[in-house]
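> Next come the chains, spelled out residue by residue.
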Amino acid sequence: DSGVTQTPKHLITATGQRVTLRCSPRSGDLSVYWYQQSLDQGLQFLIHYYNGEERAKGNILERFSAQQFPDLHSELNLSSLELGDSALYFCASSADLGTVSGNTIYFGEGSWLTVV
Amino acid sequence: AQTVTQSQPEMSVQEAETVTLSCTYDTSESDYYLFWYKQPPSRQMILVIRQEAYKQQNATENRFSVNFQKAAKSFSLKISDSQLGDAAMYFCAYFNNNDMRFGAGTRLTVKP
Numbered sequence: 001d002s003g004v005t006q007t008p009k010h011l012i013t014a015t016g017q018r019v020t021l022r023c024s025p026r027s028g029d030l031s032v033y034w035y036q037q038s039l040d041q042g043l044q045f046l047i048h049y050y051n052g053e054e055r056a057k058g059n060i061l062e063r064f065s066a067q068q069f070p071d072l073h074s075e076l077n078l079s080s081l082e083l084g085d086s087a088l089y090f091c092a093s094s095a096d097l098g099t100v101s102g103n104t105i106y107f108g109e110g111s112w113l114t115v116v
Numbered sequence: 001a002q003t004v005t006q007s008q009p010e011m012s013v014q015e016a017e018t019v020t021l022s023c024t025y026d027t028s029e030s031d032y033y034l035f036w037y038k039q040p041p042s043r044q045m046i047l048v049i050r051q052e053a054y055k056q057q058n059a060t061e062n063r064f065s066v067n068f069q070k071a072a073k074s075f076s077l078k079i080s081d082s083q084l085g086d087a088a089m090y091f092c093a094y095f096n097n098n099d100m101r102f103g104a105g106t107r108l109t110v111k112p
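Residue numbers (this note's numbering), protein chains in the order written: chain A, 1 to 116; chain B, 1 to 112.
This is chain A alone, in the form it adopts within the complex (with noise of 0.2 Å):
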């Protein structure tokens, strides 16, 4: 158990709905990731959260948006879903990155999205 935990696990919604996924980081940790891995592929950048602020953007699409809140919990918006945004979304986390641990990412066990 990596200590960051996702929910929902799976999720099967319609094309043009709108989804939030919810991740909770390890305890202590600030920083939060968001990844994105399709079928037989490799886990592509979204973005990244450092207390609260977004601090780096990968190859999100405006269709997506996501934030950090207080208690450093973040949610990942997926709206207008088409069928290719089916895939495995991986949150992880890791802590600042002046501690002994701060330079290793946890990751989550995914959420399944699959748009139909």
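By construction, these hints were calculated from the structure, which means they are not laboratory data. Quantities reported herein were computed from a predicted structural model and do not represent experimental measurements. Every residue, glycine too, gets a C-beta built ideally from N, C-alpha and C. Don't take every hint at face value.
[Claimed, not checked] Cβ-Cβ distance ranges computed for the label pairs, FRET-style:
hint, chain 1, residue 1, chain 2, residue 2, range
1, A, His10, B, Tyr54, 40 to 46 Å
2, B, Lys55, A, Arg55, 22 to 28 Å
3, A, Thr7, B, Lys55, 36 to 42 Å
4, B, Gln57, A, Ile60, 36 to 42 Å
5, A, Glu54, B, Lys70, 26 to 32 Å
Knowing the structure of chain A, use the given hints to seat chain B on it.
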């Protein structure tokens, strides 16, 4: 942007033998971290080993070790005494401050 390249889409090894997975990366930074993650069929991402760029000594975790060549920007993973449970996708990753980038992965098959 930093890029990570894994040139071997698939590798195969006989059980109990040794296999090396390759990874190269591109960066202009001097301080960074490198990781190997294992992704079994369950799709969970499992940290195998990590290397700090400022350390010259290669990291080792039981049967897993790395060959880190900073000047060549190379970071290969050696798996010794391969076991059936080592069969998985292996991803090399580069981490510096604000983001972490992954290679495309190498699918490792272990033959009994």
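> With reference to the structure, classify each hint as holding or not holding.
Each hint tested on the structure:
1. A:His10 <-> B:Tyr54: 40 to 46 Å: holds (41 Å)
2. B:Lys55 <-> A:Arg55: 22 to 28 Å: holds (25 Å)
3. A:Thr7 <-> B:Lys55: 36 to 42 Å: Between A:Thr7 and B:Lys55, where Cβ atoms are some 37 Å apart, the hint holds.
4. B:Gln57 <-> A:Ile60: 36 to 42 Å: Cβ of B:Gln57 to Cβ of A:Ile60: about 37 Å, so the range 36 to 42 Å holds.
5. A:Glu54 <-> B:Lys70: 26 to 32 Å: With Cβ atoms ~31 Å apart, the hint holds.
Checked against the numbered hints given earlier, this structure breaks none of them.
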